[in-house]
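Take these sequences, add in the hints, and give me the full structure.
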Amino acid sequence: MKILARKGTSSVYGLTCDSREWLTVLCCINATGQAIPSFYIFKGSRIIGNYIEDCEEGAAMAMQKKAWMTGELFQAWIEHFKKCIGQDVGLQNRHLLILDGHGSHVSLAVVSKAYHAGIEILTLPTHTSHKLQPLDVSVFKSLKVNFRKQRQAWQHQTASSQASKRELAAIASKAIQLSLNEHNIKAGFRTTRIWPLDNTACKFDGMPCMYISTEREMANEEEGIEEDNLS
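Okay, so the sequence shown: first residue is 1 according to the UniProt record's numbering, each after it adds one.
Source of the hints: derived by calculation from the structure; they are not laboratory data. Backbone N, C-alpha and C define an ideal beta-carbon position, used for all residues, glycine too. A hint or two may mislead.
What the hints assert, rightly or not - What follows is a set of in silico ranges between Cβ atoms, one per label pair, in the way DEER data are often shown:
1. Thr191 to Ile48: 40 to 50 Å
2. Val106 to Gly44: 18 to 28 Å
3. Pro196 to Pro125: 15 to 25 Å
4. Ala76 to His130: 25 to 35 Å
5. His102 to Val145: 19 to 29 Å
6. Lys65 to Arg190: 37 to 47 Å
What the hints assert, rightly or not - For lysine-lysine, the following DSS-like pairs were computed, each having C-alpha atoms within a straight-line distance of at most 27 Å:
7. Lys43 to Lys113
8. Lys43 to Lys66
9. Lys65 to Lys83
10. Lys149 to Lys43
11. Lys131 to Lys144
12. Lys144 to Lys65
13. Lys66 to Lys174
14. Lys83 to Lys186
15. Lys174 to Lys65
16. Lys174 to Lys141
17. Lys65 to Lys113
18. Lys186 to Lys149
19. Lys43 to Lys65
20. Lys83 to Lys174
21. Lys141 to Lys43
22. Lys141 to Lys186
23. Lys141 to Lys131
24. Lys65 to Lys82
25. Lys82 to Lys113
26. Lys174 to Lys43
27. Lys66 to Lys113
28. Lys66 to Lys141
29. Lys186 to Lys82
30. Lys43 to Lys83
31. Lys83 to Lys113
32. Lys144 to Lys186
Rendered as structure tokens:
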């Protein structure tokens, strides 16, 4: 965004979006380069209007007091996912759903609901999504850039700094439709080696290793004591 000011001005201010309407969006893609309509979670306790009226066709929405994903809402998303992929899913024709290890994704209720819906869940190891999750690898960076551009375009058009729930969702939807394209999606699966499958190509540099410490070792680390110096 370019801001014009008189030459020599020491402080130049610009209008930024400071909306208090927070939003979480769940995106889902597959290895053929397709994406299902998004699931929008708005901050609040009750739905007053159709906040996703200007979003992509087939999108769904829910409310949560902090706009966070919960186990209950993820069960609702499972229903949304099943609806989007059609009637071919079932116990005899199962689908694989690859997720990060967020707590809302791995509850017994979620796993049970997914299983009976014909969906097998595979969770990625903790702290590896930047290497193994296609959305993180090739989509979300583009999404952030496009969201920023769409938000700035909205600001220029409305001269406003605070977007409503409906306006914020529309801004996000435009960015999503630009970023979740076939090229970006396939690049994510190819880079993570999920598809085409290549289990020898993943490099583990940049992934923190798990280290199990005893209570005594942890206490010594906090006190700055080395085990070898203990008698």
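Hints, one by one, checked against the model:
A beta carbon spacing of about 41 Å between Thr191 and Ile48 agrees with the range 40 to 50 Å that was offered as a hint. One distance hint, 18 to 28 Å for the beta-carbon pair Val106 and Gly44, holds here, with the actual separation near 26 Å. Checked against the hint of 15 to 25 Å, the C-beta distance between Pro196 and Pro125 comes to roughly 21 Å, which is consistent with it. Judged by the Cβ atoms, the range 25 to 35 Å given for Ala76 and His130 holds: they are separated by roughly 27 Å.
Range check, His102 to Val145: about 24 Å between beta-carbon atoms, so the 19 to 29 Å window is met. For the pair Lys65 and Arg190, the beta carbons lie near 39 Å from each other, so the given range of 37 to 47 Å is met. Distance hint between Lys43 and Lys113 is fulfilled; the C-alpha atoms sit about 25 Å from each other, no more than 27 Å. For a cut-off of 27 Å, the pair hint linking Lys43 to Lys66 stands: about 5 Å separates their Cα positions.
Restraint check for Lys65 and Lys83: the C-alpha separation of about 26 Å stays at or below 27 Å, so the hint holds. Taking the CA atoms of Lys149 and Lys43, the gap is about 23 Å. The hint holds against a cut of 27 Å. Note on Lys131 and Lys144: the hinted pairing holds, with a Cα-Cα distance of about 18 Å set against a maximum of 27 Å. For the suggested pair Lys144 and Lys65, the alpha carbons sit about 24 Å apart, so the restraint of at most 27 Å is met.
For the given pair, Lys66 sits about 23 Å from Lys174 by alpha-carbon distance, which is consistent with the 27 Å threshold. About 23 Å separates the Cα atoms of Lys83 and Lys186, which keeps this hinted pair within 27 Å; it holds. Between Lys174 and Lys65 the CA atoms are separated by roughly 25 Å; this keeps the pair inside 27 Å, and the hint holds. Taking the CA atoms of Lys174 and Lys141, the gap is near 15 Å; set against the 27 Å cutoff, the hint holds.
For the proposed pair Lys65 and Lys113, the alpha carbon gap of about 24 Å is at most 27 Å, so the pair holds. Straight-line distance between C-alpha atoms of Lys186 and Lys149 comes to about 24 Å, which keeps the hinted pair within the 27 Å bound. At most 27 Å may separate the alpha-carbon atoms for a hinted pair to count; Lys43 and Lys65 meet this at roughly 5 Å. Distance check on the hinted pair: Lys83 and Lys174 sit about 22 Å apart at the alpha-carbon level, within 27 Å; holds.
For the suggested pair Lys141 and Lys43, the alpha carbons sit about 24 Å apart, so the restraint of at most 27 Å is met. At roughly 15 Å between alpha-carbon atoms, Lys141 and Lys186 fall within 27 Å of each other, so this suggested pair holds. In summary, the hint linking Lys141 to Lys131 is supported, as the alpha carbons are separated by about 14 Å, within the 27 Å threshold. At roughly 25 Å between alpha-carbon atoms, Lys65 and Lys82 fall within 27 Å of each other, so this suggested pair holds.
Taken as a hint, the Lys82 and Lys113 pair is honoured in the structure, with Cα atoms around 11 Å apart against an allowance of 27 Å. Under the criterion of a C-alpha separation no larger than 27 Å, the hint pairing Lys174 with Lys43 is consistent with the structure, at around 20 Å. Taking the CA atoms of Lys66 and Lys113, the gap is near 24 Å; set against the 27 Å cutoff, the hint holds. Among the hinted pairs, Lys66 with Lys141 is consistent with the structure: their alpha-carbon atoms are about 24 Å apart, no more than 27 Å.
Distance restraint check for Lys186 and Lys82: the Cα-Cα separation of roughly 22 Å lies within the 27 Å cut-off, and the hinted pair is therefore satisfied. Our distance criterion of 27 Å between C-alpha atoms is met by Lys43 and Lys83, whose separation comes to about 24 Å. Our distance criterion of 27 Å between C-alpha atoms is met by Lys83 and Lys113, whose separation comes to about 14 Å. Restraint check: the Cα-Cα separation between Lys144 and Lys186 comes to about 18 Å, which is no more than 27 Å; the hinted pair holds.
This entry satisfies every hint, going by the numbered hints stated previously.
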